[in-house]
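Protein chains in written order, with the working numbering: chain A, 755 to 1227; chain B, 755 to 1227.
If you are wondering where the hints come from, they were derived from the structure by calculation, not from laboratory data.
Treat the hints with caution; some may be incorrect.
The list cannot tell twin chains apart, which means a pair is met if one copy fits it or any two copies do.
Stated by the list, open to error - DMTMM-like mimics (lysine to aspartate or glutamate), calculated; alpha carbons at most 20 Å apart, straight line: (1) Lys1170 to Asp1151; (2) Lys1170 to Glu767; (3) Lys1182 to Glu1156; (4) Lys1150 to Asp816; (5) Lys1182 to Asp975; (6) Lys965 to Glu1088; (7) Lys1150 to Asp1186; (8) Lys1170 to Glu1088; (9) Lys1170 to Glu1156; (10) Lys1182 to Glu1144; (11) Lys1182 to Glu823; (12) Lys1150 to Asp799; (13) Lys1170 to Glu1049; (14) Lys1150 to Glu1218.
One-letter residues, chain by chain:
2 protein chains.
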Amino acid sequence: MSDQRVPHMSAEEFRRAGHALVDWLADYQARVAELPVKPRVAPGDIRAQLPPAAPAQGESFDLILADLERIVLPGLMHWQSPNFFGYFPANASPPAILGELVSAGLGQQGMLWLTSPACTELESHVLDWLVDLLALPQRFKSGGPGGGVIQDTASSATLCALLAARERASAYTAREQGTPSTLVAYCSQETHSSMDKAASIAGLGRARLRKIGTDARLAMDAAALAAAIADDRAAGLTPFFVCASVGTTSSLAVDPLPAIADLCQREGLWLHVDGAMAGSAALCPEYRYLHAGLEGADSYCFNPHKWLLTNFDCDCFFVADREPLIRALTVLPEYLRNEASASGAIIDYRDWQIPLGRRFRALKLWFVLRSYGVEGLQAFIRRHVALAAEFEQWVKDDATFELVVPRSLNLVCFRKRGTNADNEALLKRLNDSGRVFLSHTVIRGQYTLRFCVGQTYTERAHVEAAWALIRSL
Amino acid sequence: MSDQRVPHMSAEEFRRAGHALVDWLADYQARVAELPVKPRVAPGDIRAQLPPAAPAQGESFDLILADLERIVLPGLMHWQSPNFFGYFPANASPPAILGELVSAGLGQQGMLWLTSPACTELESHVLDWLVDLLALPQRFKSGGPGGGVIQDTASSATLCALLAARERASAYTAREQGTPSTLVAYCSQETHSSMDKAASIAGLGRARLRKIGTDARLAMDAAALAAAIADDRAAGLTPFFVCASVGTTSSLAVDPLPAIADLCQREGLWLHVDGAMAGSAALCPEYRYLHAGLEGADSYCFNPHKWLLTNFDCDCFFVADREPLIRALTVLPEYLRNEASASGAIIDYRDWQIPLGRRFRALKLWFVLRSYGVEGLQAFIRRHVALAAEFEQWVKDDATFELVVPRSLNLVCFRKRGTNADNEALLKRLNDSGRVFLSHTVIRGQYTLRFCVGQTYTERAHVEAAWALIRSL
């Protein structure tokens, strides 16, 4: 028997290092607004500071913490800076960080109800809460044939929706016999790239994903969708799936769900709705119009890890009927058989997702919902939308700039009047300044700056400073 | 503009709650050996204690922590108990828990190099370290055409390998045109169920996944594999992918990699090797024989989150050539375009995985490798193998019990001499006692108990107590 000591950190060392890291993170959040949002590093700069091999003997935590500060910190894009206005936000928050800490410390593996009943039940429960909080269709609750599950990302949720739809459309044979070569799926030209990825992964191929045109506001043209479906049927193909967006990534356009849902129900197509960022706004009654028509959808997802203060990864995915999803993904090797699963009285989330194993992600969501309360979360959403509305007004009032499309919730798409090259140069100067980070898109050929107000601690002063900087450059 | 306050926890509240939770987790680890490993709850017990709706106003962290103790804790399977011998372990450790904490606090989103250079480069670097530490083929390093990436699970890694292989085998058209209906993949009857799931997801269908028979030790029969490939070619099909296991889930059998790799190279098939748990043993030179033949593999994965002290999720996935993987999964919408990506000088990990977004998971791995050092990790592995060897000897020396197959590393598959029902009843009594948790499998029709020594803090006393309990029941 090997007698060499395993150098576990002692409980005391863990406490000391843990307290130090909690303090370091509190300090990080206090100083992050002063750090350059976009790091000033070139490819390879971080690796060049790391030794070529792992150490033979263990090192002290002080040394590791020092390297965290010296090597890692300067190589970060500061998503948690209140001056971060790029892409969509990736909210972290104190209760969510603490939820991740507890999840890590408990080290649960929630693949089956049996392997962590609390992980499974808290997840179902909190997702049921969210159905009510966002006024989603009641059939997404777990008490009936539907239910919710936490996925890592909307990409995975969309893939799972596609797989469930494929199973339903192929009389449940796709799982065994392969993707039928006649199936056709639909999204818009503005739908998130994860739809292309999902079509490839699922063996459909991107060629059998139709990109429907959009209207002036970049929302899917429902009439064009109907025509495409009819064309495909006439060609002997089998339309089976539509992905609609509540808030596209480029410009936060909202597809016309009522018309699309009607069409899907008439034609027997699975409707998946992706509300990745914008969905969170439905916490506020005044934004629930976004989800009008959702009662006709087969599945829906939104990401509390974007704009609801819950650390990545946390995508909430709901299905109206879990049977085709489970049928598409179920596996039951002998070593996972158990009484609880056989009883049918419980949920085994391994059958609701691509991976087998899973972390206890419901904890952070539970912490966030309880720590902020519904009214606190509503205030959070409203604050950001109000700030974006102010920013929009400033753009309108300044003849140097123009809106490219009307503001949608917390996203303003704007540009300097001038060439695309002017705008590209402006964005580069802004981001190279380190004082803000914005990202871009191209709308109808126009290079467009995206200004998304959504970071946990962004307040009026940050938005004002950003606007002053934009005008000055 | 909305003036309602957003009730963020203050920095001081975060510090206080964070310190309290670190202490709670340290205490948890100190008392977990005394808790029933398998929770004494029935389906619905946890949900019954949760209120039907989220609170309108925020609650204090003390209240949340109290409910964590009162509601969640009794509903956990204690994977972190030293008396947990079920399935494969899901190691947590102090440095990994702290790594998760830092990752949560920094709130990075590493989809692109640009969106977090440190997240990307630390990941490539630490995975290169592991190539050397496990003496994996050098072509898995990121300096050449290959490289490593962290996936959530081996299930996802296997799916990615299958997609890359599909792309390579279909002259890169699968992504666009769908999975060709002639492709055939191979694994053994003992391969992990994720291979079935991957074949379904990728549109191949389980019917085009051939389950090759196994030898006396439950390892894949390479001659039978060669025959199946020949048969499929004769039938006009296109063999393209083999998944081999270094340590099957049921009995930790090791497939004959040298023969399989030769065959795959001769036939032009992609060879993926799944070393999910057993792979970590290669840290010790005396166990590197497990990977003999791996130099002929196209991809490989193992899970530090199983038996290398790194919290779930952390699967390390390596490819010898990243081009087909990226080709299979790449997407490039306008809003993700950037100079760094266009330069080709960097890695954008979004193209190496199913989801788009990704957490900073390399931190915990870096913390673990540095905190334990290579020698510390070797001691950890050796201790468990030695304990399993002792347990095996006890089984051999007791006429009431028998080994079902010879021990493999840290897994002992054994049974009481008697009927399957006797053994099923024994397992139930053991697990219902709360003093240990074991899981089972069926080997050649025999209900078999699996005793896997791999939990972070399992020591000789725990294994002795488990054996005493097993004999007494």
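Against the structure, the hints:
1. Lys1170 to Asp1151: Cα proximity of Lys1170 and Asp1151: one copy only (13 Å, versus 82 Å across).
2. Lys1170 to Glu767: neither (55 Å within a copy, 43 Å between copies)
3. Lys1182 to Glu1156: within (19 Å within a copy, 70 Å between copies)
4. Lys1150 to Asp816: neither (52 Å within a copy, 47 Å between copies)
5. Lys1182 to Asp975: neither (34 Å within a copy, 58 Å between copies)
6. Lys965 to Glu1088: Result: close only across copies, 16 Å inter versus 43 Å intra.
7. Lys1150 to Asp1186: neither (25 Å within a copy, 69 Å between copies)
8. Lys1170 to Glu1088: between (63 Å within a copy, 19 Å between copies)
9. Lys1170 to Glu1156: within (6 Å within a copy, 78 Å between copies)
10. Lys1182 to Glu1144: neither (24 Å within a copy, 64 Å between copies)
11. Lys1182 to Glu823: Neither: 27 Å inside a copy, 50 Å across copies.
12. Lys1150 to Asp799: Answer is neither; intra-copy 41 Å and inter-copy 56 Å both fail.
13. Lys1170 to Glu1049: neither (40 Å within a copy, 55 Å between copies)
14. Lys1150 to Glu1218: Only inside one copy: Lys1150 and Glu1218 sit 15 Å apart there, 75 Å across copies, limit 20 Å.
In the structure shown, a violation is registered for the earlier hints numbered 2, 4, 5, 7, 10, 11, 12, 13, in ascending order.
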